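Protein chains in written order, with numbering that gives the first Met the number 0: chain A, 0 to 209; chain B, 0 to 411.
If you're looking for bench data, these hints aren't it; they were derived computationally from the structure.
Be aware that a few hints might be false.
To be verified - EDC-like cross-link-like pairs, simulated, lysine to aspartate or glutamate; straight-line CA separation at most 16 Å:
| no. | chain 1 | residue 1 | chain 2 | residue 2 |
| --- | --- | --- | --- | --- |
| 1 | B | 272 | A | 176 |
| 2 | B | 40 | B | 50 |
| 3 | B | 316 | B | 255 |
| 4 | A | 49 | B | 255 |
| 5 | A | 199 | B | 364 |
| 6 | A | 199 | B | 212 |
| 7 | A | 199 | B | 211 |
| 8 | A | 49 | A | 176 |
Because the structure is a prediction, the values reported are computed rather than measured.
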Amino acid sequence: MASRRLLLVVMVVLGLCQIGTAQSPTYGVGRAPTAEEIRAWDISISPTGKELPPGRGTAKEGAQLYVQKGCAGCHGRTGWGGRAPVLISSKISKDGPPVPANGMAGMAHEPPPCLAPCVNDANAMAIHSPFATVIWDYINRGMPIGKEGTLTPNEVYALTAFILYKNEVIKEGDVLDELSLPKVKMPNAAGFALPPEEWKHGRPRLQNYP
Amino acid sequence: MSSKRDRRGFLKNGAALATGLTVGAVRPASAQTPAASTPSKDIKELIAYGERSRFETAVRVSVGGRPSPDSFGLTFHVLAPLQDSFGIITPSSLFYTATHRGAFVPDINPREHRLMIHGMVDRPLTFSLDDLKRLPYVSRIHFVECLGNRANANHKTVQETHGLTSCAEWTGVPLSLLLKEAGVQNAASWIVAEGAEEVKGASSIPLAKAMDDCLVCYGQNGEMLRPQQGYPLRLMVPGFEGIYQIKYLRRIKVVDRYYMTYDDYGHINPDPKVAALTHQIGPKSVITFPSGGQQLPERGFYEISGLAWSGAGAIRKVEVSTDGGQTWKDAELRSPAYPMAHTRFGFHWNWDGRESVLMSRCTDELGTVQPTRADVAKFWNESPERSRVRGADNSVQPWKIASDGSVRNGLA
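For reference, chain A alone in the conformation it holds in the complex:
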């Protein structure tokens, strides 16, 4: 294994990356990725959850990770009032007013950034996202900022459970895993219209729109 890795490094350095055979049928360019390469890169999660890795987590575990992994430092102890977007609706949060987050002095006074679209109580992800998989996927690929991609599947399940529980979407004891996560009944499950799948060149966006 180690020598194989060394060989790959050497090949990368030399720019000789023709590991598999050229596969593109017309031009004979490119190569076939190995199953392992595809697995390592494929972080897409469908709303059906079919790509979810095995694992499990609960809100209780998530509450600890929320502090340990630095989420609280940016999103606020209570999940709102931090520098980063609201994760727990302040209307639902029973934890009282935001506590100035540790290690980030002065931060609580800065208004949270208004993203496009603006994240507020009404569209905190747990409340607004039609699928729980979207939350899992985003935490897995994008959080915590600066250490993206370092959380284990169990940690992502637990953090997702914590955020869903705090927004009263699931119960504290509920276990989230690859089977239960896609089945979570989200409050905004019906809250989106599919973009036009039947896109056709030369068709107006919306008939009769001025």
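Starting from the structure of chain A, add chain B where the hints point.
Frame of chain A; chain B shown alone:
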């Protein structure tokens, strides 16, 4: 924060090397000072790679309220100075920049960058940049526009009202060619395209669009893409809102349903009509001279200049009104009208020194006419004061000329 990030870049590279695939190391985007304030370079350097005259000062500015880089070091939305633009090509250094989630501009080594196509295909394929450059390519001129490009009454200049659009010549391989090489399976209906930056921004795109006119680009305006525009590889989805134009493109997964990535999620809407108006840009135009914040020194002749574009195809016609929309006259197209591209128009105007309201509206090759805000209100059955433009805002922009020659936002 930067030490954390460097460490992460290191970790990521280590892991990537182990699999023989790698994305670039990452670096905070702090070195983005405007060109005007960088120390002047040695003449030798300038002969090697040119710079504009020190008397030219047009720069991008960030969208109000969120500086770029912001307090997290994330590059957020920055606006192109359309008031200073000529013709239809936005210089790469002034091209607007946006990311749904702010992103750190990654520092990608093109020799290590890979594009993987997989999912519902017969032959998953991985391409290096050198592989892609061996394949048949095209160069096309297309605009890009962010869905957040919405004028409001607080905006002062055309940079603020309309600066989240730019236009460039893009060079790359048709996505349809790559998908055919991979052999798309019958049941497939969408693709998910993903970038290599830290947040791995991804969008779901209908397969029909992917097979139609999308490009996997490495070239922009005759040179390699700029880092802020996706170096070394970006997807061009002509006419669709900016978030689809995946930068740092590293992966295309062919799938059989809409995936609702985080970036897709940011633009969901329960109303199918709004959803239909969200993904593709409608016919849109704006006068860039004279525009908000500018000053006409005296009465007399002025050549009104502006840009028109549509996500549905080429611009067929542009009209200009100098009386607030009561009468409209045809403007002249001053550039080729390419499909899904900025098109420059001009209009002779003699200012008589009286208060005037200038507007432009365009018609695209489908015959769709750019609406005024009043037209939009009528469609939604709302009073014009209370109405909002849903989806991508392509409404007509008024500029008010006061009798002293000052130009203000007509929405204010």
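Checked hints:
1. B/272 - A/176: Violated. Residue 272 of chain B to residue 176 of chain A sits at ~36 Å, over the 16 Å cutoff.
2. B/40 - B/50: Measuring from Cα to Cα gives roughly 9 Å; hence the hint holds.
3. B/316 - B/255: violated, 39 Å
4. A/49 - B/255: Holds, at roughly 12 Å.
5. A/199 - B/364: holds, 15 Å
6. A/199 - B/212: holds, 11 Å
7. A/199 - B/211: Distance of about 9 Å is within 16 Å: holds.
8. A/49 - A/176: holds, 12 Å
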